[in-house]
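These protein sequence lines are chains W and X, in that order.
Quick note on UniProt numbering: the first sequence kicks off at 1 and runs consecutively.
Quick note on UniProt numbering: the second sequence kicks off at 1 and runs consecutively.
All the pointers check out, no bait thrown in.
Copies of one chain are not kept apart here, so a pair can be met inside one copy or by any two copies together.
No farther apart than 25 Å at their CA atoms in a straight line, the calculated lysine-lysine pairs in the BS3-like style are these:
# : residue 1 : residue 2
1 : K67       : K25
2 : K19       : K68
3 : K19       : K67
4 : K68       : K38
5 : K38       : K67
6 : K25       : K68
If you're looking for bench data, these hints aren't it; they were derived computationally from the structure.
In case you want the letters, here they are:
Number of protein chains: 2
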Amino acid sequence: MPCCPPITAGELSQADAEKMAAMFKALSDPVRLRLFSKVASYAGGEACVCDISDVGVSQPTVSHHLKKLREAGLLTSERRGTWVYYRVAPSVVAAMSAMLDLRI
Amino acid sequence: MPCCPPITAGELSQADAEKMAAMFKALSDPVRLRLFSKVASYAGGEACVCDISDVGVSQPTVSHHLKKLREAGLLTSERRGTWVYYRVAPSVVAAMSAMLDLRI
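Okay, chain W solo, but in the shape it has when bound:
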């Protein structure tokens, strides 16, 4: 797990807060969040950038948002031939979920 204890466990350290805030920021845009859910729900857990076109924004905008999600660590990417394939980084997303889990 990249980070952090559940929020009910105590005040986050400055370092952990900066790390997690950057991840939440990556999901703070509606288009980016829809793209993220699209990749996450794709058959096989992987989406080719070439398959992602019907989200109401241009292809360069799609690529820009996917790059932001990758930079935040929420997606991983791999180039195969002409296309880049994106996949959710399960441990990172699980860490965000666990941090907000009030049942822990």
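Based on the hints, put chain X in the right spot on chain W.
Below, chain X without anything else, positioned relative to chain W:
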């Protein structure tokens, strides 16, 4: 639960994405995230704004950030006498956690 199916269930609708993006945005600032964890971990699940002072920012800044968290629905507040008391909104935070839960 205010919103949404887990991200692996399919692409989020535009309306759901806007709703959830606003919540993630509320947690996208390190100071706000630390304040949030501080309230969430307070004894009794409730913190008086008068108790929150040692986070490295001024009291007006603390109030500003707590207001943002309240507006996003992540905290509830109640004025009692001189002070405002903050509490985590469990169903909202649980919804964010569940949405990112890849195990579902």
